[in-house]
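Undergrad: Letter by letter, the chains look like this.
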Amino acid sequence: MTATPDTPAKGPRGWITGRGAWITFLLVPPLVVMTLFVIYPIVSALAYAFYDWNGLRREGFVGFENFRIILFEEPFASTTWQAFKHNIIVFASLMIVQNGVGFILAYCLWRDLWGARFHRVAVFLPVVLSTVIIGYLWKLFFHPIFGVVNQSLKAVGLDSLVQPWLGQSETALAALIFVNAWAWVGFPTLVFLAGLQRIPSELIDAARMETDSEWHLIRKIVWPLIAPSTTVVFILLFIGSFNWFELPYIMAGLDGSPFGSTDVLGLFFYRTAFGNQSAGVQDFGLGSALAVIMFLFIAIVATFWTLHLRKKELDL
Amino acid sequence: MKKTFTTATLAMIAGAIAAPALAQDITFWSWRQEDRAVYEELIDQFEAENEGINVSFEAFEAASYATVLSTALAGDQGPDAMMVRAYGAFETVAAGGYLMPLDAESIPGLDSFPAAALTAETLREDGKVYAVPFASQTMLVIYNKDIYDQLGLSVPQTKDELLANAKAIEDAGMFAFANGTATAWQNETIASALASSIVGPDFYAEISAGTTDFNDPRFIEGMKALQEYSEYFPDGFTGLDYASAQQLIASGLAAMFAGGSFELANIQSQNPDINLGVFAAPGVSADDPKLVGVFFDGGYAGNANTEHPEAVKKFLAFLASQEFAQQFANKLGNISPVPGVTLENPLLQDVATLNQSSVPYIFLTNFRFQEPSGSVLIQAEVQRMLAGESDPAAVGKAVTDGIAIYHEPFQK
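Chains D and L supply the protein sequences, listed in that same order.
Position 181, counted from 1, in the first sequence is what our numbering calls 193; the numbers after and before it change by one each time, with no gaps.
Position 397, counted from 1, in the second sequence is what our numbering calls 862; the numbers after and before it change by one each time, with no gaps.
Honestly, the hints are just simulated from the structure, not real lab data.
A virtual CB, placed ideally from N, CA and C, is assigned to each residue, including glycine.
Each hint should be verified, as a subset may be incorrect.
Chain L regions said to be covered by chain D (calculated; three or more residues, Cβ under 8 Å) [claimed, not checked]: (1) 558 to 566; (2) 697 to 706; (3) 813 to 819; (4) 842 to 851.
The calculated BS3-like cross-link candidates involving lysine-lysine, where the alpha carbons are at most 30 Å apart (straight line), are [claimed, not checked]: (5) L:Lys-796 with L:Lys-778; (6) L:Lys-610 with D:Lys-97; (7) L:Lys-796 with D:Lys-166; (8) D:Lys-97 with D:Lys-324; (9) L:Lys-610 with L:Lys-632; (10) L:Lys-689 with L:Lys-632.
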């Protein structure tokens with residue numbers, strides 16, 4: 013991500029030539045911005061994680077103590093692991109719902125089914141909406157008394173299904189996942205569609221002569237050929253799922269209401285580092301430790317998984 | 466005429482030359498953007514009485530105030546005087562040594578503040594007061610007087626009467642309570658507003674003294690009452706968030722709201738015609754003291770490293786004076802802890818009267834200093850219990866066990 017700057021080309025007499033100066037001139041501003049706003053915060057968060065904090069004041073160096081506490085000591089450990097579990101559920105469900113539906117939609121759009129042009133725009137529309145708007149909109153839709161969801165169920169006589177969707181532990185996380193999929197399904201759809209459109213039509217025609225089965229065609233021809241798109245979509249979903257914050261924050265609040273059933277690592281990080289005005293205490297050390305763990309986890313898994321998927325692309 | 470003009474001009478020039486030498490400019494930070502006009506008016510009064518001191522008021526968004534203030538203080542860019550929160554959030558700032566310790570000598574009258582108010586701004590580590598407490602908040606039941614009159618109901622004296630009132634309101638086709646539990650912190654306010662009198666004053670004294678814990682049958686009894694009351698919360702109340710609950714009471718669709726006195730101004734501004742009253746949720750019998758839960762919002766503090774300590778002390782003394790508090794109470798609708806303040810707003814006067822029989826808003830006042838804070842625990846546990854996924858005894862146990870991690874009296 014942070015491209016290392018080329019050392020400015022030296023002229024014959026060791027002076028920076030015009031071209032070198034030009035390159036330096038272009039590279040320095042973004043480098044300064046990156047250092048100041050990306051690298052410095054990451055490095056300082058890393059440093060914070062190794063200190064004990066008393067309110068705002070940094071106290072002694074404590075080594076890996078904060079990491080040990082956040083991962084293995086109560087009351088933090090159980091919250092961390094529960095939040096992590098929820099992140100995994102979110103990732104797995106979105107993988108099936110968001111990417112699965114995304115692929116099906118892309119396939120339908122690619123086959124130019126009826127209304128494809130309209131749907132291509134419609135599917136992508138929520139993606140450009142701000143998460144804040146989506147969160148508030150769906151919070152209203154799920155409103156237990158006046159919400160569209162419950163009102164519609166009542167209107168068609170399904171009163172028994174009326175429930176406080178965001179207020180019970182069995183449905184709250186599922187509701188958030190559904191909203192996320194609704195909002196973002198356009199993204200994998202578009203990426204898959206772009207991948208599908210790159211497949212040469214002669215290839216498909218040739219395959220059709222061999223088989224009548226659509227399923228066979230997808231499995232043997234289409235899927236391997238859109239492998240690069242899948243890599244992108246999978247990795248981005250992975251990063252997004254483990255950094256999940258805005259939607260649960262807006263719809264369920266900082267505590268992951270009800271009673272932690274929508275708590276994810278992003279929310280827990282925020283609560284730990286900055287405190288929760290209505291309930292908590294702030295601790296930069298523990299918060300930073302959690303942030304560092306999240307960063308390392310996402311970076312390492314994403315890297316290895318990308319390498320693995322790239323390799324598979326070649327195998328397919 | 467000409468002479469007057471000349472004199473005035475000369476005076477102005479003299480003033481302009483002398484001012485930089487004498488002027489002491491101090492900054493005052495607040496999270497109350499909406500109160501700017503009143504604060505500036507009061508600051509003008511202070512400046513008129515204290516020539517040479519200029520106070521500039523700066524307000525920040527409430528949600529990010531703590532972060533802004535923390536960062537500024539840590540970077541030596543902090544204000545000279547500032548609003549700080551109370552209890553745990555106050556200690557986060559005070560523990561760093563950023564605040565000026567205060568006493569009755571520097572702030573006349575500070576020793577006559579109620580003890581509970583001073584505790585809110587005292588650093589437990591050294592027992593010193595670091596801020597002048599400015600307002601209290603009360604957990605009580607807000608009710609719609611018109612609905613009560615229409616149905617011929619009266620302010621309940623016992624738990625059963627309150628339940629009967631709630632039933633009568635529901636039977637009339639309205640929401641009895643507006644409350645929902647989807648917003649976590651609402652569970653703590655609801656519990657304090659509805660259960661304090663059932664739990665009783667002795668329990669709160671013993672908790673503070675460390676001689677009992679939340680497994681105490683009196684506390685469990687309070688949680689049971691909460692379960693009973695929740696029968697009269699709107700259908701699907703577990704998914705009803707804070708804003709929706711506010712709308713239900715403000716629109717007149719619901720008759721009662723268990724929560725904080727800070728709702729009153731908000732409800733009245735949403736619906737100026739609404740006729741509100743307040744009462745303390747009763748105990749089991751009519752003889753039980755009727756209790757509200759009280760906490761203090763925050764205080765005015767001085768920067769320990771200010772360049773103008775004397776000016777800051779003068780300003781804080783002004784903020785602690787009855788002259789200031791009287792206007793603060795009436796112009797901003799706050800209940801001031803400064804002794805002798807009278808309230809013009811009858812509703813606030815009622816709240817102040819209820820405050821005379823109160824218990825602390827216990828999880829904030831006593832257990833919001835370490836993780837897991839008592840507030841985090843009670844909020845989640847009440848939410849769980851009212852959703853039907855736990856019972857009163859389990860609430861007491863989970864809260865006690867959580868706090869026991871750092872609170873010695875609970876460790877057995």
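Undergrad: For the pair supplied as a hint, Lys-97 of chain D and Lys-324 of chain D, confirm whether the alpha-carbon distance does not exceed 30 Å.
TA: holds (27 Å)
Undergrad: Given the hinted pair Lys-796 of chain L and Lys-778 of chain L, is their alpha-carbon gap at most 30 Å?
TA: holds (24 Å)
Undergrad: Given that the segment 697 to 706 of chain L was listed as covered by chain D, double-check it with a C-beta distance under 8 Å for 3 or more residues.
TA: holds (count 8)
Undergrad: Mind checking the alpha carbons of Lys-689 of chain L and Lys-632 of chain L for me, to see if they're no more than 30 Å apart?
TA: holds (18 Å)
Undergrad: Check, residue by residue, whether the segment 558 to 566 of chain L contains three or more positions whose beta-carbon lies closer than 8 Å to a beta-carbon of chain D, and give the verdict.
TA: Since three or more residues must qualify, the claim that chain D covers the segment 558 to 566 of chain L holds, with 6 doing so at under 8 Å.
Undergrad: Examine the segment 842 to 851 of chain L for residues whose CB is less than 8 Å from any CB of chain D, and state whether their number is three or more.
TA: holds (count 5)
Undergrad: Would the pair Lys-796 of chain L and Lys-166 of chain D pass a check requiring their Cα atoms to be no farther apart than 30 Å?
TA: Distance of about 48 Å is beyond 30 Å: violated.
Undergrad: Are Lys-610 of chain L and Lys-97 of chain D close enough, with their CA atoms no more than 30 Å apart?
TA: Status violated; Cα separation ~48 Å.
Undergrad: Counting residues of the segment 813 to 819 of chain L that have a beta-carbon nearer than 8 Å to any beta-carbon of chain D, does the count reach 3?
TA: Violated: only 0 residues of the segment 813 to 819 of chain L have a Cβ under 8 Å from chain D.
Undergrad: Please verify whether Lys-610 of chain L and Lys-632 of chain L have alpha carbons no more than 30 Å apart.
TA: At roughly 16 Å apart (the allowed maximum being 30 Å), Lys-632 of chain L and Lys-610 of chain L satisfy the hint.
The structure does not agree with the numbered hints 3, 6, 7 stated previously, though it agrees with the rest.
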